[in-house]
Amino acid sequence: MRINLTSVMVDDQARAHQFYTEVLGFVTKVDIPMGEFRWLTVVSPDEQEGTQLLLEPLGLPAARVFQKALFDAGIPLASFAVDDCHAEYERMLKLGVVFRGKPTLLGPVTAVVFEDTCGNLIQMAQV
1 MRINLTSVMV DDQARAHQFY TEVLGFVTKV DIPMGEFRWL TVVSPDEQEG
51 TQLLLEPLGL PAARVFQKAL FDAGIPLASF AVDDCHAEYE RMLKLGVVFR
101 GKPTLLGPVT AVVFEDTCGN LIQMAQV
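Number 79 in my numbering belongs to position 79 of the sequence shown; there are no gaps in the numbering.
No lab work stands behind these hints: they were computed from the structure. Keep in mind it's a predicted model, so treat the numbers as computed, not measured. One or more of the hints may lead you astray.
[What the hints assert, rightly or not] Pairwise CB distance ranges, derived in the manner of DEER restraints:
id, residue 1, residue 2, range
1, Gly101, Trp39, 31 to 39 Å
2, Leu70, Ile3, 29 to 37 Å
3, Thr21, His86, 18 to 26 Å
4, Arg64, Leu5, 29 to 37 Å
5, Val109, Glu47, 14 to 22 Å
6, Asp31, Arg2, 28 to 36 Å
7, Pro61, Arg91, 21 to 29 Å
[As the list claims (entries may be wrong)] Below are the EDC-like pairs computed for lysine to aspartate or glutamate, each with C-alpha atoms no more than 20 Å apart in a straight line:
id, residue 1, residue 2
8, Lys68, Glu115
9, Lys29, Glu47
10, Lys102, Asp72
11, Lys94, Asp72
12, Lys94, Asp83
Heads up, the beta-carbon is just placed ideally off N, CA and C, and yes, glycines get one too.
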């Protein structure tokens, strides 16, 4: 068994797509119109046949409550791996990304949390 697809709930698919591709550097894997929304996935440019990240619209009221509760509590919805947390932090800071601190050494991991412009906190971690 392996993870094929996971999702992040987003309040605006177009804005999420722009952020996840132009700022984070993911590439579009699937973009299919589905009525009001899209089946929209991105993947790592280094693993284009790897796990897809679905930019899932907040369709249910409960999803909005859950997303807001995590955000307000400062809990990241997802964690993305990077080779150099400090370098990515500096690169993304120049692009206007809002961080919740600076990269911090947490045992064997250096990590920092940022806002994805779509209602989520995301952790960036270097192992």
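Here is how each hint holds up against the structure:
Checked against the hint of 31 to 39 Å, the C-beta distance between Gly101 and Trp39 comes to roughly 34 Å, which is consistent with it. A beta carbon spacing of about 20 Å between Leu70 and Ile3 contradicts the range 29 to 37 Å that was offered as a hint. About 23 Å separates the C-beta atoms of Thr21 and His86, a value consistent with the hinted range of 18 to 26 Å. Restraint check, Arg64 to Leu5: a C-beta distance of roughly 22 Å breaks the suggested window 29 to 37 Å.
A hinted range of 14 to 22 Å holds for the C-beta pair Val109 and Glu47, which are about 20 Å apart. Between Asp31 and Arg2 the beta carbon distance is about 23 Å. The supplied range of 28 to 36 Å is therefore violated. In this structure, Pro61 and Arg91 break the distance hint of 21 to 29 Å, their C-beta atoms being roughly 36 Å apart. The hinted pair formed by Lys68 and Glu115 meets the criterion: a straight-line CA distance of about 12 Å does not exceed 20 Å.
Taking the CA atoms of Lys29 and Glu47, the gap is about 11 Å. The hint holds against a cut of 20 Å. Simply put, Lys102 and Asp72 have alpha-carbon atoms about 19 Å apart, close enough for the 20 Å limit, and the pair holds. Between the alpha carbons of Lys94 and Asp72 the distance comes to roughly 25 Å, so the proposed pair goes past 20 Å and is violated. The suggested pairing of Lys94 with Asp83 holds, with an alpha-carbon distance near 18 Å, which does not exceed 20 Å.
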